[in-house]
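One letter stands for each residue in the lines below.
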Amino acid sequence: MSLTNQSADNSHKIQADKTIELSSWWGRHTQPVNRYDLWSIGAVDLLTEHHETTWRISWGHIHRSGPQRPKRYLGLLQTRFPQGELEKNLYHKDSLSSSLSRYYPAQFNSVTLPASGPLEDLIFSPRYPIGPLLFYFQSPVSISVGEKFSFGVLIPLNLRIDTSASHGSSRNIASVPIYPLLKTWNGPNSISGAFAQIAEPSIILEQLSQFTPRLDYAICPISLINQGHVSVPVSRILVETEFLNLYHSPQTGFWSNGLLIDVAENQDATTGALIINELPKDAGSPALIEQARRQPTRKASHARNPK
Amino acid sequence: MLATLNEWLKQLSSIATERHIASLLSAVIIFFVGLYLSRYLRNAISKSKNIDPERRPFLEKLVYVGTVTATIMLALDALGFEIKVLLGAAGVLTVAVGFAAQTSASNLISGLFLMFERPFVTGNVINVGGITGVVLSIDLLSTKIRTFTNTMVRIPNATLVTSNIVNFSYFPIRRIDLNIGVDYSSNLQFVQKVLLEAIQGNPLILRNPDPIIEMSSFGDSSIGFTVRVWAETGLFDRAKSDLYLGINSALQSNGINIPFPTRTIIQASTAPVQSPTSP
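Sequence lines, in order, name chains A and B. Quick note, the working numbering runs 133 ahead of the 1-based positions in the first sequence. Quick note, the working numbering runs 7 ahead of the 1-based positions in the second sequence.
Keep in mind that the hints were calculated from the coordinates and are not lab data. On a predicted model such as this, the values are computed, not experimentally measured, just so you know. Mixed in with the good hints there might be a few duds.
[What the hints assert, rightly or not] Part of the chain B face toward chain A, derived, beta carbon under 10 Å: (1) Pro179; (2) Arg182; (3) Ile183; (4) Leu185; (5) Ile187; (6) Glu204; (7) Asn209; (8) Pro210; (9) Ile212; (10) Arg214; (11) Ser228; (12) Glu239; (13) Ala257.
[What the hints assert, rightly or not] Listed below are the simulated EDC-like cross-link pairs for lysine to aspartate or glutamate, each with C-alpha atoms no more than 20 Å apart in a straight line: (14) Lys54/B to Glu67/B; (15) Lys316/A to Glu239/B; (16) Lys151/B to Asp184/B; (17) Lys200/B to Asp170/A; (18) Lys316/A to Glu204/B; (19) Lys200/B to Asp227/B; (20) Lys247/B to Glu221/B; (21) Lys414/A to Glu339/A; (22) Lys316/A to Asp244/B; (23) Lys316/A to Asp217/B; (24) Lys316/A to Asp249/B; (25) Lys316/A to Asp184/B.
Think of the CB as a built atom: it goes at the ideal place given N, C-alpha and C, for glycine as much as any other residue.
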């Protein structure tokens, strides 16, 4: 963690007064004026500064090996950080590499916006990433005639940040991807198709029951069936999150609706998914999270229950 | 008798004046109604969601000019002018003007072709005859583009119709081809692995279509690799620059040299060449 790094000028250093290991990161967080919080969730480092008249939210993705529990570092803002100083503190030269590659500097994002008062709180909530996600198998999976192949994919969640004033009004100030998403092209060739996103790393689960619940991913159960007359190789799966609900259970983690895809109708299994409203037994009885997805931009002709 | 004639003349004069006033009035009404109609139609086209925004300006002008012309002709007709004679004269005039304005007519018709063929739209980056820039507008006679040095170039539509146009913005994704040379002593499989790692970590390079890394040449000083990757069209230049930087960093950190051209000069023996001696 780059918290140990200190700039030459001591007034600009980031020093944690207290470190808390979190069992969940979402919910309402009180952050008084002139304090900062540094959050470490999944691959994202998020810094929230509460100044007298402004909020400043900064984040970047860094490489971490293996799943780690979210952490919150609490600190006192000695002074307003000059532009660029935070980047130096968060990402000193030795850890410039992003979670994507050691050859590319981590992208640093920062937004500053007015605070509506000293008693404003921050509200974190889990959201689906906007736009379709593509998941690749390491090598194409062949689905024989009449076969049903079930597995799961992990959808990386976004962290939505709202501020909530004492009089009850709230406003969205940022949406931070917990894991970096890469843009990719989803189509039969370079002319026809559309953009999609891909998570790095892209995680496919063979057995849902063997998975330890995570605080940064939602499990999406998928079944591929082949109702055609020849076996079909499948190399990638498209998951359109705008049609999926998000559920959470303290015991089993985050879950989405299941998808049932007939690969005979769509050989690369990128469209035509049937959305299943019943969650698998492994999910237990999770609660629905309201407004976790974007309002669908088009009609979901395939979003229906199986008969 | 004289009094009767005088009375008759007075009546005729009043009728003539009334007729003139009536025709003048109707001409004015026709003119203003026509003008209002032409403006109404122009506004309706500009606000229409069913008409392609690219074609709107052209259609607006066409409809406006057409309606105003028809209005003027109807107003003249109401004033008592012989339209047939006017049209005849206009025909002769058109032939005369047509000879004088062949180029403009050609540009106008070419503009119509461009509008319906649509090889590019406003905002596209195109190259025509060595000029590259962003299309600002497609007008009746010419197309205006803004070069990357911020100069405006007006290209006649006829030139566009007869030229090869390269549209860089036509497809949403574009391929970047990079040529990289590495030292002859390099482990080529390792070079391929390092290049792939550098490509896959670049967030601006699309994962699909798959990147291609192939050995392409035995150069004078280096072994050539060609990297073919895809990026979003709007981010093409940035992705290319980032990729060069990333690949350079990756090769350097893995101890792979990018050699510069070298020439080895082998000096001949210093012993003087004996010239054959004559016997």
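Hints versus structure:
1. Pro179: 7 Å, holds
2. Arg182: 7 Å, holds
3. Ile183: Since chain A brings no Cβ nearer than about 12 Å to Ile183/B, farther than 10 Å, the hint is violated.
4. Leu185: The hint is violated - Leu185/B has no Cβ within 10 Å of chain A, the shortest such distance being about 14 Å.
5. Ile187: Violated: closest Cβ of chain A sits about 14 Å from Ile187/B, beyond 10 Å.
6. Glu204: 7 Å, holds
7. Asn209: 6 Å, holds
8. Pro210: 6 Å, holds
9. Ile212: 8 Å, holds
10. Arg214: Holds. Min distance 4 Å.
11. Ser228: Since chain A brings no Cβ nearer than about 24 Å to Ser228/B, farther than 10 Å, the hint is violated.
12. Glu239: 6 Å, holds
13. Ala257: With a minimum Cβ separation of about 5 Å from chain A (threshold 10 Å), the hint on Ala257/B holds.
14. Lys54/B to Glu67/B: Given that 20 Å is the threshold and the Cα spacing comes to 10 Å, the pair holds.
15. Lys316/A to Glu239/B: 9 Å, holds
16. Lys151/B to Asp184/B: Roughly 30 Å separates the two Cα atoms, so the pair is violated.
17. Lys200/B to Asp170/A: Violated, at about 40 Å.
18. Lys316/A to Glu204/B: 17 Å, holds
19. Lys200/B to Asp227/B: Status violated; Cα separation ~24 Å.
20. Lys247/B to Glu221/B: 18 Å, holds
21. Lys414/A to Glu339/A: 16 Å, holds
22. Lys316/A to Asp244/B: 16 Å, holds
23. Lys316/A to Asp217/B: 13 Å, holds
24. Lys316/A to Asp249/B: Given pair Lys316/A, Asp249/B holds - Cα atoms ~15 Å apart, limit 20 Å.
25. Lys316/A to Asp184/B: Satisfied, since the Cα-Cα distance of roughly 19 Å is no more than 20 Å.
Checked against the numbered hints above, the structure breaks hints 3, 4, 5, 11, 16, 17 and 19 and satisfies the rest.
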